[in-house]
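Kindly generate the complete structure, drawing on both the sequences and the hints.
These protein sequences, in sequence, are chains D and R.
If you read the first sequence in the UniProt record's numbering, its first letter stands for residue 1, the second for the next number, and so on.
If you read the second sequence in the UniProt record's numbering, its first letter stands for residue 1, the second for the next number, and so on.
Hints may be right or wrong, so weigh each one.
The calculated EDC-like cross-link candidates involving lysine to aspartate or glutamate, where the alpha carbons are at most 20 Å apart (straight line), are [to be verified]:
| hint | chain 1 | residue 1 | chain 2 | residue 2 |
| --- | --- | --- | --- | --- |
| 1 | R | LYS55 | R | GLU86 |
| 2 | R | LYS132 | D | ASP457 |
| 3 | R | LYS110 | D | ASP457 |
Rather than coming from a laboratory, the hints here were simulated on the basis of the structure.
Keep in mind the model is a prediction, meaning the values are calculated, not measured.
Below are the chains, spelled out letter by letter.
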Amino acid sequence: MTTQTTPPKSPDIPAAGAPAGLIGIPERIARALATGGGVLAVVSTFLAWTWTDEFPGDLTFYGYPGGLQVLVLIGGALTALFGLATYGVKGLGWLTPAGGDAALKLTSLATFATAWYTVLAISFRLGGVVNLEPGGYVVAVVTLAGVLGALALPFERPEPDPIDPEASRGERFRHDAAHGWHVVKASFAAGTPRPLRRLPASLEILVIVGILAVCLLVFTYGIGTEYDELFIGFLITAGFCFAALHKAGLIAHATRITARHQNITICGAFVAAACFPFTQTDDQYATIGVYILIFATVALGLNIVVGLAGLLDLGYVAFLGVGAYAAALVSGSPSSPFDVHFPFWAAVLVGALASLVFGVLIGAPTLRLRGDYLAIVTLGFGEIFRIAANNLDGTSGPDLTNGSNGVSSVPDLEILGFDLGVHHVIGGVTIGRFANYFFLMLLITAVVVLVFRRSGDSRIGRAWVAIREDETAALAMGIHGFRVKLIAFAVGATLAGLAGTVQAHVTYTVTPEQYLFAGAIPPNSAFLLAAVVLGGMGTIGGPLIGAALLFLIPNKLQFLGNYQLFAFGLALVLLMRFRPEGLVPNRRRQLEFHEEAAAPDVLSKTGA
Amino acid sequence: MTALLEVEDLRVAYGKIQAVKGISFTVDAGEVVTLIGTNGAGKTTTLRTLSGLLKPVGGQIRFRGKSLKKIPAHEIVSLGLAHSPEGRHIFPRMSIEDNLRLGAFLRSDKAGIEKDIQRAYGLFPILGERRKQAAGTLSGGEQQMLAMGRALMSQPQLLMLDEPSMGLSPIMMQKIMATIAELKEQGTTILLVEQNAQAALSLADQGHVMEVGNIVLSGSGRELLHDESVRKAYLGED
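See below:
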């Protein structure tokens with residue numbers, strides 16, 4: 001019997017391997033459409049899209065883009081830039097070190113998706129397309145034309161796998177679907193980045209400053225989005241544009257530059273973060289800022305335990321709770337059984353120490369377990385902490401935590417005569433209560449980042465990674481497995497306790513219900529772990545970005561309501577399928593998940 | 001003079017299954033001693049017990065006159081007994097240099113560690129060329145070199161090598177064996193476990209043939225190499 005190995009080709013499908021687009025438009029027209037679409041989208045944002053200011057953001061002005069129009073403007077401008085770069089316009093070559101077509105497609109999609117989302121949102125909210133002004137139609141048409149043009153850009157089609165001619169219909173369908181998916185993936189594939197000219201160090205530092213400024217701007221914009229539509233538009237634009245920059249090879253280039261000046265980048269990032277309260281006119285968003293920082297700092301602490309030492313801890317939030325309770329109990333709160341009022345430095349020490357002791361107490365018996373068993377036991381201890389805090393109320397146990405009412409009215413901090421509870425005016429900018437705590441928390445974050453970096457690069461950090469990678473070999477090297485793991489546990493606990501001491505003051509009240517395993521509001525153990533996994537295990541940037549996203553999305557999209565956890569779960573599943581190493585990959589991890597990928601030349605110890 | 005390592009009536013079991021059924025041998029300083037035998041003879045089990053990864057059921061292990069029976073694995077390394085485990089067990093996602101540094105985990109003399117890293121690079125130049133690369137990107141033979149280099153980093157009195165030639169091409173195997181010979185020249189004491197009896201015996205001062213948990217034959221390397229039964233069983237000659 002002979003087996004036919006090549007599938008019959010229908011005449012309208014271009015030959016495999018030959019470059020062709022997803023849509024049959026000649027390349028020249030397609031490129032012009034895509035680039036022109038970007039330019040026209042920019043122009044259309046200066047038109048009015050609707051007649052009434054009932055749609056938030058007030059899109060009724062001519063000559064003045066507002067709200068969602070700004071996002072379309074940015075997307076359009078990027079599209080136009082990438083489009084011009086693919087024409088080889090002089091001076092734009094640096095934009096596309098890995099080829100511009102994929103980036104052009106993604107920015108076109110960003111513009112298209114944001115614009116159409118806006119137009120549809122207007123129509124739904126105001127009850128029909130009659131509410132659109134001509135500008136609304138214009139932007140819809142030009143972005144559609146742009147995206148069609150972009151998708152028609154040619155790309156290398158992958159060769160379809162041969163299929164068994166006797167395959168059943170189901171198998172055939174699966175085969176075709178898989179091939180279709182490969183084609184779509186190939187259409188967005190980027191080329192290998194060509195090396196860019198190396199800039200002098202001073203210029204590179206300038207580039208870093210620019211990158212950080214853009215990051216601050218994007219973050220501030222995201223945090224300051226005032227209505228659901230704008231935040232969704234922001235997510236669409238930011239997501240697609242980030243992907244576009246990635247495909248263009250700019251992210252890889254930026255990573256190389258920041259890796260060369262790692263200390264400057266980290267210091268710069270803290271300066272940029274410290275600038276955040278100065279960009280705000282009131283304390284409303286500084287609140288979100290400080291909560292994100294608490295969440296992110298604890299996630300970074302957890303990253304030592306999970307990312308470096310590889311110990312799955314599902315009860316980590318308990319250490320935050322221990323720190324918070326300890327600080328609240330010695331803060332002079334009226335509901336504390338201790339009638340003491342420690343200064344802040346002493347309260348921090350008490351909080352960190354309490355968490356350390358708690359960490360060692362829990363770690364000593366549990367760390368003899370491995371893998372899943374450890375996870376279950378830590379989960380149990382996390383719940384024991386919460387239930388114990390609930391019961392230590394004077395009736396079901398000794399009076400310590402005031403039961404489910406918690407320790408309330410925790411007074412504001414006063415450090416060196418500086419009262420964090422009232423607002424101050426610095427350089428004409430009012431710095432409110434939450435902004436004060438934002439600065440304090442930033443300091444704690446800096447400490448945690450420092451500890452993470454120093455320990456990750458040290459002898460003990462190597463031992464953690466060794467234990468995670470191969471416990472037998474690590475033992476044969478003379479590494480005392482149990483002791484090294486206990487140190488990781490204790491360090492992680494202490495850092496969480498540190499964050500807890502500030503949290504107690506920020507939230508005024510410390511109750512057991514703040515320290516759940518899983519709940520709608522971060523930080524809780526599940527969200528902390530998710531922030532680490534989502535962001536990238538073993539990195540510094542990963543948990544920070546993961547925590548920011550995981551805090552902002554539920555906070556901004558209140559309408560998700562009960563579906564929030566569902567959406568969150570879905571997002572995690574998708575991420576694990578398509579990018580298991582997290583948003584900010586540790587180079588070591590990338591090697592683990594993508595064995596087929598080229599090995600990196602140089603390994604960093606703690607990643608980005 | 002007492003031997004560096006004395007093993008007396010050592011018995012090791014996995015549950016009810018006796019893997020090592022009472023073996024005795026000694027290793028003198030400066031010697032290369034080899035344990036040869038087929039799969040399941042108990043060679044690897046013996047090494048793992050010596051380095052503390054397994055606990056013996058009975059018998060005595062004395063290293064430099066001190067009993068090792070109650071000492072945990074990580075302390076045995078600090079006594080000067082290094083183990084390059086079977087299947088190499090390098091840390092694939094760490095750089096070569098970090099792998100070597102982990103071998104010196106128990107040492108704190110920075111200058112000495114740097115010197116020994118350079119020594120390892122001298123012994124295995126390929127490691128030096130790729131010092132920043134992930135160890136998992138090395139070929140099997142290069143990984144074996146790394147495992148040996150890493151074991152040497154603890155400045156051991158006795159180096160235990162478990163099947164260094166496993167899964168290697170003949171050329172790579174020759175290189176590894178040449179390195180072992182070089183280490184022997186430099187005065188390193190080596191306990192070598194091998195299936196490749198020919199190569200191991202031609203290097204060894206002393207050899208022991210293991211079969212299902214017992215030492216059935218002992219002698220100098222040369223003697224065993226020419227022993228009738230060894231030739232039949234392990235060298236594939238009739």
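Do the hints match the structure? See the list:
Among the hinted pairs, LYS55(R) with GLU86(R) is consistent with the structure: their alpha-carbon atoms are about 18 Å apart, no more than 20 Å. Taking the CA atoms of LYS132(R) and ASP457(D), the gap is near 14 Å; set against the 20 Å cutoff, the hint holds. Between the alpha carbons of LYS110(R) and ASP457(D) the distance comes to roughly 15 Å, so the proposed pair stays at or under 20 Å and holds.
Violated hints for the displayed structure: none, as all numbered hints are satisfied.
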